[in-house]
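Chemist: Next come the chains, spelled out residue by residue.
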Amino acid sequence: MRLRGLLVGTVTAALALSMTACGDKGNDAGTNPPVNTEAKFDEGTTMATLQKAGKVTIGTKFDQPLFGLKGLDGKPAGFDVEIGKLIAAKLGISADKIEWVETPSKIREEVIEQGKVDFVVATYTINAKRKERISFAGPYYEAGQDLMVKKDSDIAGPEALKAANAKVCSVTGSTPAEKIKEYVDPANVVLFDVYSKCADALRTGQVQAVTTDNVILLGLIDASKGEFKLVGKPFTKEPYGIGIKKGDTKFCEFIHKTLTDSPAEYEKAWKDTAGKVSPETPKLPTLATCS
Amino acid sequence: MNVIFENFALYRDGFFKTLLICAYAMVGSLVLGTILAGFRVSPVPPLRWIGTSWVNVFRNCPLTVVLFFCAFGLPEVGINGAYFWFSITALVLYTAAFVCEAVRSGINSVPAGQAEAARAVGLTFGQSLTTIILPQAIRTVVPPLGSVIIAMIKNSAIVGAFGVGGELFAVSDTLTGSRGEAALPVLTGIVIAYLLITLPAGAFLGWLERKVAIAR
Amino acid sequence: MSASVLYDVPGPRAKRRVMLFSVLALVGLLAGLYVVYRQLDKQNQFDADKWSPLFDPTDDSFELVWARIGEGMANTLMAAALAVVFSLVIGTLLAVTRVTSAPWYRWIVVGFIELLRGIPVVIAIFFVARVLPEFGVSLEPMWYLVIGLTLYNSVVIAEIVRAGINSLPKGQREAAESLGLTRGQVLRLVLLPQAFRAMLPALISQLVVILKDTSLGFIISYEETVRVAGQIVQNLSNPIQTYLLIAVIFIVVNYALSRFAIYVERRLSQGKKAAKTDEGAAVVHADDLAGAGATNVG
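Protein chains in written order, with full-length UniProt numbering: chain A, 1 to 291; chain B, 1 to 216; chain C, 1 to 298.
Bear in mind the hints are in silico, worked out from the structure with no lab data behind them.
Please note that a few of the clues may not be correct.
Pairs of lysine to aspartate or glutamate residues, derived as DMTMM-like cross-links and limited to a Cα-Cα distance of at most 25 Å, are as follows [to be verified]: (1) A:K55 to C:E140; (2) A:K225 to C:D47; (3) A:K271 to A:E99; (4) A:K257 to A:E99.
Let the sequences and hints guide you as you build the complete structure.
Modeler: Printed below as a string of structure tokens:
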């Protein structure tokens with residue numbers, strides 16, 4: 001890996017130099033929550049291990065605007081990232097000691113099982129199938145699957161899609177992509193790797209609707225400068241949880257305590273990220289029992 | 001391995017979809033590639049430039065980028081259609097560059113005397129190309145063309161990431177992604193499905209090669 | 001046979017006709033380009049805010065964007081370089097052992113080669129990245145990409161090496177054997193050095209294939225050039241412009257590599273002529289090999 005580092009270094013060094021000269025671009029949407037240096041944990045718990053190591057590896061998405069998106073500065077930013085920073089801070093780990101690992105939907109269970117990450121915050125819907133392999137803390141947010149259409153479209157809900165023979169766009173291997181097949185012919189479901197491509201396809205008329213969790217759609221609507229609108233009838237409940245190793249009840253309880261103890265940080269995390277496009281700040285949902 | 005049997009219909013449909021994509025793309029790229037090869041040896045300079053630039057652009061660009069421009073660039077210039085056809089377009093544009101080079105090297109392998117004789121009896125460029133040179137060139141280009149086509153079949157695996165649902169690779173994505181199946185059995189099934197296409201294609205090619213081989 | 005053999009030196013009428021066709025082709029081309037331009041303009045694709053972060057050094061994002069592209073290119077080159085080295089080593093081993101070993105071993109190698117040649121590279125990469133972890137082998141994404149690319153390219157290179165060895169005049173092996181060299185020595189001292197020379201152009205062409213194939217790393221979220229472009233697009237919403245830039249970068253680098261391959265090929269065949277070997281045979285084979293590399297769409 002040293003060789004690789006060297007190569008990356010030499011190619012980017014000159015650019016990086018001028019970059020620092022250019023000054024802070026202020027791309028860092030999130031501010032860092034206060035680090036709890038006094039935290040004390042029982043010997044042998046995940047918290048104690050992480051605290052002792054002084055660093056933590058967190059899985060998030062790198063291509064999900066508002067929740068986890070790698071910015072031009074190479075750092076991920078978004079609501080999930082802020083939640084990750086908050087948990088790390090309560091472990092006594094500052095934001096610069098966090099190693100972010102990209103965890104696209106299909107590898108999330110894997111990386112947790114293999115211990116490649118300490119936990120995953122990545123628009124991760126809690127469901128029974130996933131619980132067979134890992135445990136969830138949370139939910140820390142509740143989204144719902146919705147539809148995004150062009151401003152002048154008269155599609156009023158998922159039921160209207162079939163009649164309009166509409167093509168619907170979503171992301172490969174995602175839950176919304178499977179769910180929408182209950183409403184439309186699978187041949188009319190168009191899948192890409194990221195939602196921004198769906199937005200392009202909607203703009204050029206290749207598809208008539210985009211479906212995923214409402215809050216992700218809000219981000220796309222914001223970026224469209226008024227070209228798109230949200231149908232506004234969520235037809236599923238998507239409680240987002242924090243993925244941890246199966247059966248790590250103590251870590252789960254710690255995360256729950258962190259979430260309930262920090263309403264101010266939670267609100268700020270939201271307002272700095274997804275709150276920029278979502279009119280109202282959500283309340284922390286009722287947390288599930290750790291098991 | 002149960003996952004393959006439980007989802008046999010998915011696999012079967014994916015197999016035929018991949019086969020269909022490949023069939024269309026094969027015909028398209030053979031036709032376009034041969035036309036481009038004609039361009040490259042034509043007496044009209046702009047046609048030669050088009051042929052040469054085509055080859056240099058598409059042979060040196062990753063197929064993912066070509067696919068991107070077909071799936072997202074074409075709608076931008078007002079061409080709407082199914083992603084199925086966009087991806088076939090991309091495969092054709094890309095593969096045609098390789099077909100063109102294979103055919104051109106075939107044209108170059110036809111002894112010069114053939115073309116000279118054709119000219120001597122008064123055939124035009126078009127006539128000598130289509131009736132004298134290409135029929136002979138095609139025989140020598142069967143082996144390279146065959147490897148181009150087999151490579152194209154394998155390249156078709158990435159169209160699943162560009163809005164084409166239901167082909168083999170997209171099937172593996174659905175099963176290991178949203179359905180959360182273990183990767184090994186799912187992917188073993190996909191590998192077998194591809195081998196079911198590429199191995200017979202390779203065997204057929206070997207047979208064809210022997211059949212059309214000419215001693216020179 | 002050069003192209004000019006196909007048509008007579010144009011007389012006055014033919015010249016006029018060529019001129020007419022040229023004008024028609026050019027007008028057609030320009031008309032096509034204009035239509036594309038107008039359509040793109042209608043979709044606001046020529047707005048400055050879509051282009052300036054990529055091309056205008058005074059833009060706020062310019063340096064950040066190029067730092068990321070530089071990072072992506074470094075990752076691309078790194079993965080490609082490693083894949084080339086590993087493929088070369090493993091490919092040569094496969095080819096050499098196939099030439100020298102017992103029949104049962106040859107069958108295994110041939111089976112292995114045929115199997116891997118029949119699988120799409122992207123599936124090989126995906127397979128490695130998803131299945132190795134199930135067996136507890138956990139690596140950085142780059143290594144999955146490198147292993148996937150190596151699996152595929154080593155068998156291609158094995159075939160190139162084998163063709164290279166087979167292209168050598170029989171006398172070379174016979175002379176070496178009659179000197180009392182062992183099989184291994186014949187290969188190592190006499191055949192391989194000559195084979196590599198003949199293979200060089202094909203090997204360079206294969207490098208182009210590998211460079212392009214690193215872009216398949218997007219499937220396992222390795223941050224190579226094309227994936228970084230994807231992330232930039234998410235920030236700047238300018239997919240057409242960014243991918244255009246990436247396409248140009250790839251085309252320029254790979255075109256330079258192809259020209260280099262042709263240059264090497266010329267140098268080699270000149271050397272051959274000067275050395276007055278079995279000229280025809282050697283040159284023809286070098287061509288065949290270059291062809292094999294060039295037609296490898298991989």
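Chemist: K271 (chain A) and E99 (chain A): Cα distance at most 25 Å?
Modeler: 24 Å, holds
Chemist: Mind checking the alpha carbons of K257 (chain A) and E99 (chain A) for me, to see if they're no more than 25 Å apart?
Modeler: 23 Å, holds
Chemist: Would you check the hint for K225 (chain A) and D47 (chain C), treating anything up to 25 Å between C-alpha atoms as holding?
Modeler: 15 Å, holds
Chemist: Given the hinted pair K55 (chain A) and E140 (chain C), is their Cα-Cα distance within 25 Å?
Modeler: 19 Å, holds
Checked against the numbered hints given earlier, this structure breaks none of them.
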